[in-house]
Every structure is written in C-alpha cells, then in structure tokens.
Amino acid sequence: MRPGTKRLWVPAGLVALIVLLALLAPLLGLPDPVRQDVAQRLAGPMPGSPLGRDEFGRDVLSRLIWGARSSLAVAFASASIACLFGTILGLLGGWFRGLGEFLAVRSMDIVLCFPPVLLALLVVTLLGPGAGTLIMVLSVLYLPGFVRVTYAEVLSARSHDYVEAVRALGASAGRILTRTVLPNVAGPILVQFSLAVASAVVLESGLSFLGLGVVPPAPSWGLMIRGARATMAQAPLLLLWPCLALTLTILAMNLLCDALRDAMDPRTATARPRLRLLDRVLPGLVPPAPNAEAPEAVLEVGGLTVEIATPRGPIRPVEDVSFAVHAGETLAIVGESGSGKSVTATSVMGLLPPAARPVAGAAWLEGRDLLRLPEPELRRLRGGAMAMVFQDPMSSLNPVHRVGDQIAEAIRAHRRGVTQAQAWSRAVDLLRRVGIADPERRARAYPHEMSGGMRQRVMIAMAVANEPKLLIADEPTTALDVTVQAQILDLLAELRRETGMALIFITHSLGVVAEIADRVVVMYAGQVVEQGSVPEVFGAPLHPYTRALLAAVPDGDTAPAGIPGVVPQPHAFPVGCRFAARCPHAKPACEAAPPALEGAGEGRTVRCIRWAEIGAKKAEAVA
Amino acid sequence: MGWVARRIGVSLLLVWIVASIVFLAIHLVPGDPAELLLSSGGVAPDPGAVAELRDRLGLNLPLAQQYVSFLSGVVRGDLGTSLVDEYPVLDEILLRLPRTLELIAAGALIAVLVGIPAGTLAALRRGSAFDRIASGVAALLLAVPVFVVGTLLVLVFAQILRWMPAGGYVPLAEDPWRHLTLLALPALAIGKGLVAVVFRMTRASVLDALSRDFVRTARAKGLSPSRVLMRHVVRNALIPVLTVLALHMGTLLGGTVLVEYVFNWPGLSTPLLRAVEARDYPMVVGIVLTISALFVLLNLVMDLVYAALDPRIRHA
Ligand code: SF4
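Line order of the protein sequences matches chains A and D.
Taking this note's numbering, the leading residue of the first sequence gets 1, the next gets one more, and so forth.
Taking this note's numbering, the leading residue of the second sequence gets 1, the next gets one more, and so forth.
Just chain D, same shape as in the assembly:
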C-alpha cells in the first residue's frame, strides 16, 4: 500500500510541476507577454489594449501573488475565462474532454487487440512470411505520420469508396450506430502508431520469455502448449509491453490533436487550436494543463497495472 501512496504522491508532484511550468512559460518569454500576445506580423499593438490585457491576465501584480492565485484557481477548478468570448475555460474542457478520452480509449483498445495477438504470433513463427510481413507493416505504420494516415483514410474511405462519413460527431445517446461509424476512422488513425509499437514490443518480449528457464519448467510440468503460452509466456511478456505503452502515451495524446483536427472530432483540440491561433492564452493554458495532467494520470494508471502484473515491483 505504501508503494501506491508514494506513486500517487509523485503524480501529484508532477502535476504541480507541470502547472508551475505552464504558469512560468508566459513570464519566461523575453519582453512584455501582453504585447507579445497582441502583436501580429510585426505591427506594434495598441498600448491601450496592451494595458487592458495586462490587467486581465493579472500581469501587474507581483509574481508571487500571481502564482498563488493561479495555483489556487487550479485547485478550485477555476481556470479563468477565454479572452475571445469570456466563456469559462473549465466548462469548455468538461464538455470536450470525454470525447477526447473516448478517442484515446478506442485507439488504445485497437492497438492492444491487434498488436498483442499479432506480436505473439510473429514471435512464435519467427522468420515466417507472417512475421516478415507484419514486421514490415509495423515499420511502415511507425513511419507514416498520424495526420497522413488520417488524411489518407478520409481520402480512401470517404472520398473514393464513400463507405463512411469524412468526419464529424454525433452523441452516442442520439444515434449509437452513427456515433460508432464516426468514431471508427479517427480511432484507427490514433491506434495506428500504437499498434506498431505494441506489436514490436510484444514480439520482442515474447521471444525473450520463450527462452526463459521458467518456460522450460512449465513445459517440464507437462502443461499444454496453450497454457504455457498464456500463463507463462504472454503473461510475463505483457509487463514490458505495458512499460512501452506508458512511454508512448505522450505521442498518443499529441496525436489526438492532429486526428481530431483531420476528422472534425469535437474534442479538446478544436478549442485548443482555435485558441492558439487567436493567442487566447487562458484557454491554451487550461487545455495544455488538462492534457498534461491526463498524461501524468495515464502513466500512474499504467504503473498501477504494472504493479498488479509484476509482484516484484510492489516490494521494491
């Protein structure tokens, strides 16, 4: 139990660090941040507007006071309001976060459902046609950027074959079937890189597990091949796969920004991109903070699952 508590403590610490960095970022930029945010194309902004923005962002207060009020805002769930339309940042996030989470979950599910069996099979049939083709496909999938995959999926399935809509979103409650069709392509795009990563890691760690002494022991016990495979090979091989999955969470979360853009999926990235373009600083900070906290949280979950799978960790 102590280990879990410590791990959660570390996660909270990380979230605090992330929040502080996000807060400091605006102050680390040389020059007046308000002026910077309002400037475009080298034209000096209106001094009145700059003064007003400084006031809005509280930039006139002492740094320590700004920091405290920022942090207390974060803790209370008050992330300020949009510079563009005064809409509370938190409300926007709460509306859109579930949609982004759904996309991530669907992508990860595809990656695990395809990557682990394929990786295991490729390891068992090392050097076979299947192994070579699957490894080649994995290398290709790793190389194609996520937005290229997304765009090509739209081109093929929506434009040429006309099997699926090019993008959009319908709430699950309204039309479940259409919701799922609209989810399919973005989830595939999100899952593509992860599938390749999971496949490669599963293949390598199954190969490693197969050569372990305890697998020989399992065979010496007279266990059936399927039981040796599931309980002693795949079960042990999953542990490193999970570590790698955790390492790629950042890429996954970054990928959602691009995929949501390509497929018009109204997750967090739409307001994020709009805000970045409009230099809507509170909105950007709120969303970046949310996604980074999500990143830390996902890593925490991975670690906990990891500990559940590997008893050696819990005592370390």
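Bound-form chain A, shown alone:
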C-alpha cells in the first residue's frame, strides 16, 4: 500500500461516517431535538440521553446529530450550487475567451474583494437570517474558486493535442467541453468541492453562532455553542460537545482536502525521507596518509567513495576515485552525466546533499583531510582556500540581494575587521577584474538584471574573492550561449595564470578539455577509467571509453559517431567492468571481476584489462 493511501482513507472514512450519521438521523430513533422539557434543564447523562440535556431540557446527543444534518445540508447545497454554476462559467469563459471570458472570470474578482463574513452579513441584513439565505451567500462565495479551476483547466486543455484533434474533426464546442475537457477537470473540481464544503461548515457555524445563520429552534452546532455560552459556568460540557463535533468534522474534512490535493498532484505525494538538513555528522574512518611522493599537490584525492542512502538501499555514485591537482595546473574531469564527476567535486567542497556521505578515502588540501574536517573548519576553507563556480549562474545567485552585496558577503565571511564599505569597494574591483564594464553601477544590480554571461562572471568574482588555492568549476559554461562560453573559459585560464591557483574543471565536453586543461581524468559510472596529460590522452587514448568519446567529437572530417547505450544507474552497476555493456572489445573475462586501475607509463593510469592488447592491435592496424 502506498503511504499516501492511508492518508486518504482515514479522513475519508471519518467524513463518510459523519455524513452517514447526518443522513440517517431520522432513522436512529433519537429523541425529538427541539422538544423542550424545562424540568430536565441542564440535566446530566441519563437513560435515553447519554450526553444529558441542554438549557431548555432538549436532548444533547440528538441535537448534535441533527445539527450535523443542518450544517452539512447547508454546506453541500451551497458547494453543489457553486460547483455547478462555477464549472459552467469557467468552461464558457475558457472556451469562448473574449467578452465571455471577461464577464465569467474577471467578475469573480469582485467577490474576492469582500471578506467572506462581511458579504454574508450584508446579504443577511437584506434578506433576513435563515438556511436559504445562507445557502445563497455561500454559493456566491465559493463560485470564484470553481470558475478559476475550470477556467485554468480549459485553457490548458485547449492547447493539448487531443483537443486540437477532435476540434479539427469538427466536433462541436459543447461536445468537446463535456466529453474531453470535463473528465480532466474532475480532479481539481473535486478538490475544490471538498474545500468549499469544509469552509462552508465553518462559515455556517460562525454565522449561526452570531445568531444570523440557522434560525432557532432548529439544531445547529453554532447555535448550540451560542446557547451553551450562557450556562458555561454550570455546564461546561454542554459547550464542549458541539465544539468537539465541529472541530472534528472540520479537521477530518481538511485532512481529506489535503490528501485529495496530494493525490491529484503527484509532486507533493512522494515519500519524504526523514533527514536532518543541518546537523549531519561525517563518519570517522581512519584516513589513509597523504601520498608522500607528490607533496606539492594543492588537492589530493585518494580512494574517494560516496554513498547515498535511498529507499532501495545505499548506492555508490562515486567509488574509489583518486586524482591530484597542483598549483597553477588545470585538471579536467570529464564524463557523461551520471559519471559521478559533480558528486566528486561537491564532496571535496563538503557540499554533498544530506542523504549522501563519503564513506571511504581522503581529500587532502593544505595538509588537512577535507572529508573528516569538522564543519566549522571546513567552512573557513570553503570560499577561502577553495572555491567553486556552479553550472547555472541564475539559480546560483540569490535573486533578492544585489550582486555587490553577495560578493562583499563572501569577503567578509573570511576576513575579520573588514568593513562593509571596504568589502564593497573590493567587490567592485573584483567585478572589474572579471571584465564587467561599469562595475560601480553593476555592483548595485540584481541578478535578474544581468545577462547569463555577466552572472557567471559575478559567480567567478565571488569565487576568487579570497584568492583561493583551488578553484573548482562545475560545468561553468554549459548554461551559457556558445559565444559567451569562450569568453568565460579565457577568463578562467587568465585568472589561473595570474594567481597560480589550481583549477579543477568539470565538463562533459572534450572540446573544452582540449582548450583549457593540462591533465584530464576520464570518469565513467562512478570510477576513474583513464588519467593522463591532455596531449597524451588525446593523442593515444588507452581505454575503449576514452576512444569512443574522442571518436564522438565532431572534428571536421569524421561525423560524430556517438556511443550506443547509456551509463548504467548506480543501483545497477555490474560486478565486472562497468563499460562492458557498451564496449566493442568486451570479453567474458571483462565481466567476471572488476578491472583494477593500472599504471600505464609516466602519470598515466587506465582501468581496462585489455588496454595493452587493444593498443597493440590498433598500432598493427595503422601499420
């Protein structure tokens, strides 16, 4: 059973029970709810009256159940009337547009100008209290909700292909509306209907409570509460029963509304994992010692494995990833989406989503293991010694703050004693540095006032604000226009040259790699499959995947071949070589055991059991 189902059926059962009780009231053999018996005034529970008698000696239980009847009758009647007329108005307005649309939809806004209770009181003044008046007012009040829902639904249906198709076949408007549009609107209308009923119960009881709704002596929960207020001191229970009945009914109806809405909108109905977002603790595995052979590396990642808890069990989108990047060097991490390259970068920064955590390996930066650093220390490094530029500059900048403030904020987070004014002028300098014209004025702009390329320049200015030793750029040009892409690449290369920082460039594009990187790490399905200097890897790829990637690049004379198949999902990684399913050279041995990452000459590694063999064959073929 889906978790959402229970949420729907419990309140639905409760509401059904209440409705049933109200419907069956005459058949339950209850005492007459309006017969007075002054001798039994405020009497406690007695035979035949389990809840006692009220201030006129009338039976309380009977009045409760009959009260449900009048509340629900008013509520359902008004919701039904509003539903009928609202749906018709919405259909007509949505279908015919023009004046009809204006009259049907815009006129509804007028109803919304009034607080509901006030509109009701105005009408009661004119028509006098009573159930009929109530039904009329309430149906007017709920009309706009139905009109809007139907109208919106018709507008979207009009653009659907199937409606276009029947229209083209010459079906009449009426026929299309009732046959094809109505069934689609049914869901939202049902939700709207339940909302209207719940809200009508509240309003009816409120007006009756004021003595302006249902007319005494007819039983109504609002009237019962009104009556019991006078005798509150002697008989508090008399007050509690109708309060309880009313609250329970509305609660059940509200829960039913929520559940219905969730059922109609699958986005909100997904099972929510219970996670704490802020206080996440990293597990304390014994970290391997940093590699003594390459002490000058700015960042050295060794054996990094990331695990994500999912409902289907833990998955490992990154497994045993190792690489190093040195000062002034650009390292590209390349792979298709799903290869784990972004997860690798975010775990180095300590920005993994809460469900994910590094379970093995280490990431050394300036002698400290980032994976095991307590959050406060990690925070001092983030934006300081290491910084990151993200893929989509629009969503990565906060829309409600000026860009100058967002940069200044990064500066002040890492430098004590810097005033806002100093930080601001430094932010302006940085904007100038990243090539933004008129930086004084631009600093005061909001992100939505800038172009995509300019926003990415702002992101870069923010990242280099504290002269990081390491800058990680995660697909920084993917979201940008082609013409802007090259400019951003140039800017990054220039900044790296000037500051001597290490740059890790994450991309899926080999063209970008060739342009900017010194060394390249090729990732596939969470693993490093090949690593080496750019000229060597591009000149003589060793791994079949790298070969396929290079072959897929359109470089003038060869057409892009593409690689058949897709990257396997983390929960379905094969035991053996993860590329086997797509590899033209696969042998049974490849699928038997996971291939190890082997050294293949100076600074090169490759994860393929047949790389030497394949390489030799290729050489033969060329010769």
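Worth flagging that the hints you see were computed from the coordinates, not collected in a lab.
The structure presented is a predicted model; accordingly, all values stated were derived computationally and were not measured.
Glycine included, C-beta positions come from ideal geometry on N, C-alpha and C.
One should not assume that every hint holds.
Label pairs and their in silico Cβ distance ranges [claimed, not checked]:
1. Ala-16(A) - Ala-308(D): 41 to 49 Å
2. Ala-308(D) - Gly-417(A): 25 to 33 Å
3. Val-10(D) - Arg-158(A): 25 to 33 Å
4. Pro-311(A) - Pro-225(D): 22 to 30 Å
5. Pro-117(D) - Trp-9(A): 32 to 40 Å
6. Ala-139(D) - Leu-23(A): 22 to 30 Å
7. Glu-449(A) - Pro-98(D): 37 to 45 Å
8. Gly-9(D) - Gln-234(A): 55 to 63 Å
9. Pro-117(D) - Gly-13(A): 31 to 39 Å
Mind docking chain D with the ligand on chain A? Use the hints.
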C-alpha cells in the same frame, strides 16, 4: 515608482467597485427593499413606514442620481445616519475602527512571531518530533473555528482558571496593564488560524529555499550557518509567506467579527451585528464598506512589502 502608482490605482479601483456593489446590493434584491427591510416573520409592514423608509433611503430618486449622491457621500466621508438612533455612521466607525485595527495587529504579530520561527525550525528538523507535533497542532488550529477557540479560551482562562477577565475593554490611556490583559485572549483567538497558516507556509518555503542552488553558493562561500539561514534561506522564504498572509487577510477580518462578539471587544463588529439584527441598512453599508476598504488597503500594504522584499517584482 511607476509600479507603486499603478498598484495604488488598482486599489482605488477596487474600493470603487466594492462601493458600487454595496450600493447595488439593495437594488439587486427582488421586491421593494424598504418593504423587505421592515418585514419580519412574514408580517406585511405598515405602508406608511415603508413610504417613509423609501424616502429616508432616497429610494424614490432615479437610480443614477442615488448612485452619484452615494458615491459623493463616500468621498466626502458622509455615510449617512443610523436608522435606529440617527447617529452619524462615520462617527461610530471612527470611534471603533482603531480598536478593531489593534486586535488585527496584535493577532498578526502573534502569528508572525510564533509562526515564522516555528516553521523554520520544523523545516530544518524535518521529520523530527518537533516537526510532527507542530504540524499536527497547526492542522488542529486550522480546523477549530475561531469562535470555538474564543469560547474555549473564555471557558478555560476566565471560568475555570480565573486568570483573566472573560472580556471587555478598557482604554489604553486609562489602565495600560488591564488594557493588555483584556487584549491577550482575543488576540490569541484572532491569531490562531494565522499562526497555523504562517507556520505551514514558512515550513514549506524554507524547505524549498534550502534546496536552492543559491543556498549551496552561500555555503560554498564559507558563510556561517546562521548567516546562510537568515540571509539566504529565511529571507527568501519570507516572500511566499507574505503572499499567503495577504490571501488570508479576508478570513482574518471576518474572524474579528466573531472574536469581538465572543470577548465583548467594542470594535466595529458590535454596531455591525446590532445593525444587521435591526436591519439598520446605512450602518451595515458603512461598516462593510470600511472593512472591505481596509481589506483592499491591507492587500496593498502586503504588495508593497512584497516588492520591497523581492526586487524582481519592481521591474515586472
Ligand atoms: S575491461 Fe573489457 S569491457 Fe571493460 S573496457 Fe576493457 S575491454 Fe572493454
């Protein structure tokens, strides 16, 4: 600036529409409105009285002329006099409006002071005991009608515990402490539904903001968690909360009618209810018009605050 001017223009237009509807309401009713107002329980009213009332309400004049004189009255602040005691409607409103406003302000203050921190905490601790209890309480608060809460508050705090008076009003200048004690319970009752609404919306929009890229950027900058939370999560999450607050202003204003009745708070609703019962039409029209205009005004204020919080709006 152009946007603000346009928004104010729309508000004025809405007030005009509201006034026109209120004016038309009496003419939309089938039959003779004067007869209708005087009739009770199916007994035909005295023809002389009907003629007199028609005259008083100016119902004998042509409709257009009635409309113009009504509107010009509204603009001049002349809302006519009560049918019951000839008292000028505007004077009654001016006396009582501040008290109703005080109640609304106190209720909204409670809602914001409790709802926003609780909603934020519940979002940060999603799925924790606090989250589940607070969400449950919010669902319950939404379900209890405002007059039930009011009545139960009176029962518990005034009748059983005897901590507070059951209701009434003392001017602030006369006895500030007593004024505030008398304000506490009605303000709680008014604020109860709004607390739940603000809580729910804050929780949802904080959860949404937490997953945004710019929050990741803020963390990548090395900001402290409290700064990330305040400047980048809560600050952005407040925008949708405000929209919802504006949407619930109508319920809030309607709620004051019930709450003032329960607690004997001498705001606008006392004369309103008295007038509705006595079918005192000019008084009802005046008060409904005032509260509806207040409703439009509050929405305008919400929109302006909204624009101050969200720079994207100002340029739209
Ligand atoms: S190990 Fe086998 S399947 Fe995997 S890449 Fe090498 S040749 Fe292909």
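Here is how each hint holds up against the structure:
no. : hint                                : result
1   : Ala-16(A) - Ala-308(D): 41 to 49 Å  : holds (48 Å)
2   : Ala-308(D) - Gly-417(A): 25 to 33 Å : holds (31 Å)
3   : Val-10(D) - Arg-158(A): 25 to 33 Å  : holds (28 Å)
4   : Pro-311(A) - Pro-225(D): 22 to 30 Å : holds (28 Å)
5   : Pro-117(D) - Trp-9(A): 32 to 40 Å   : holds (34 Å)
6   : Ala-139(D) - Leu-23(A): 22 to 30 Å  : holds (26 Å)
7   : Glu-449(A) - Pro-98(D): 37 to 45 Å  : holds (42 Å)
8   : Gly-9(D) - Gln-234(A): 55 to 63 Å   : holds (57 Å)
9   : Pro-117(D) - Gly-13(A): 31 to 39 Å  : holds (36 Å)
In the structure shown, no violation is registered for any of the earlier numbered hints.
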